[in-house]
Amino acid sequence: MITVTQMQATPWCPTPIRPDDDLFVGLAAEVGTQCAPRAAAHDRDNTFVAENYTLLRDAGYTRLAIPKELGGLGATMRQVCYAQAELAKYCGATALAINMHIYVTLVTTYRWRHGAAETAGLLRSVADDGAILMTSGGSDGIWPSAVASRVEGGYRVSGRKVFCSQAPAATTLTTSAVYEDPREGMTVLAILVPMASERVRVIETWDTMGMRGTSSHDTELTEVFVPDQAVITRREWGKVDVSLRNALVHITPTASAVYFGIAAGARDEAVRTVMQRKAGNGEPAVNDPIIQRQIGLMEYRLRTAWWSLVGALDELGDDYALGEREVGLTQIAKRDVLLAAQEVVDTAMETVGGSAYFRRSPLERAYRDVRAGKYHPFNPERVLLYAGRQTLGLPVDGIW
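Okay, so the sequence shown: first residue is 0 according to numbering that gives the first Met the number 0, each after it adds one.
Just so you know, the hints here were simulated from the structure itself, not pulled from any lab data. Honestly, I wouldn't trust all of these hints.
Label pairs and their calculated CB-CB ranges [what the hints assert, rightly or not]:
1) 151 with 303: 56 to 62 Å
2) 282 with 68: 55 to 61 Å
3) 183 with 397: 20 to 26 Å
4) 184 with 44: 46 to 52 Å
5) 357 with 35: 16 to 22 Å
Where is the CB? At the ideal position from N, CA and C, for every residue including glycine.
Start from the sequences, fold in the hints, and give me the full structure.
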């Protein structure tokens, strides 16, 4: 039998596979420890994690993935995943919100490293000025939800964007609009819009089951002027191009790491709770074989899910392309991570029992937060369709 003096809870932590995989995990833990005490209140009150953003900026976390040459910390996508998984253990909403900034810096860094020298200014604005980049990815697949009209020196853009995470803190919106080019036909413009621009308005629509602290409100653009130099790329309307794959390849692993971290935090909470309990006969609760099995199940699912994620990153390699293969790799890994994360959180609640059902339990919040993962493209069923069509040699563009 186990005695109380023999028991010591060990937090779940992914084992580094390459040297320096965990280089920024300590930074994430340091900031996360300070964020954690406010997580429940922001969830309850449905308020943005503003104080946590101040901590992230002051600690340099907002420039995590900016190249060192441009004033950042130089984290690779692998290192971002390790750090984000750690941060999410403390506050899932903070980790997911800042991920929508970090992944845009990864996207932009990829372009910079592959010859787009003009992106250096945007990256430096993050490193030097503390700019926060926001995406409207939830509105902008192959059919964006805004329209652009040509004017002298640029465009006027109107439209309403949904799922704009971290809207209260963002300084720059990366978004898309449709322009009917008289020569090229329907064209999608990827654009940068300063949030301080005239006729840009945040509409507070975010009142959701989970991830409440992300404040992923709508953003409305009404005849907003976008100069020619703020147009990042152009692509044919209704078509998938390298810019869309760039976004998907970088958000998929990093967002997956956030949901993984929520699950790892739930496992830690469950282990801490049951190790402090005694059964009715006075013996430690962990002597119960059912509890032992449930903890083993959580360990198994966390291990195999993390192997899925880092395995996909290994297959990508360090100098990865942005093709259909790369999208498929990251999506398959994400599917496994998301399903595992939900299973781990559910198991953690079952292990702890009825007290996990109360709103005061961090497991109840984790249960709601982790379910947001299925709403990032692609959903789990669409991932299987994508993978199946790839295997059969069929076109996958229609999956978007």
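A quick look at each hint next to the structure:
| no. | hint | in the structure |
| --- | --- | --- |
| 1 | 151 with 303: 56 to 62 Å | holds, 57 Å |
| 2 | 282 with 68: 55 to 61 Å | holds, 59 Å |
| 3 | 183 with 397: 20 to 26 Å | holds, 22 Å |
| 4 | 184 with 44: 46 to 52 Å | holds, 48 Å |
| 5 | 357 with 35: 16 to 22 Å | holds, 18 Å |
The structure is consistent with each of the numbered hints, conforming to all of them.
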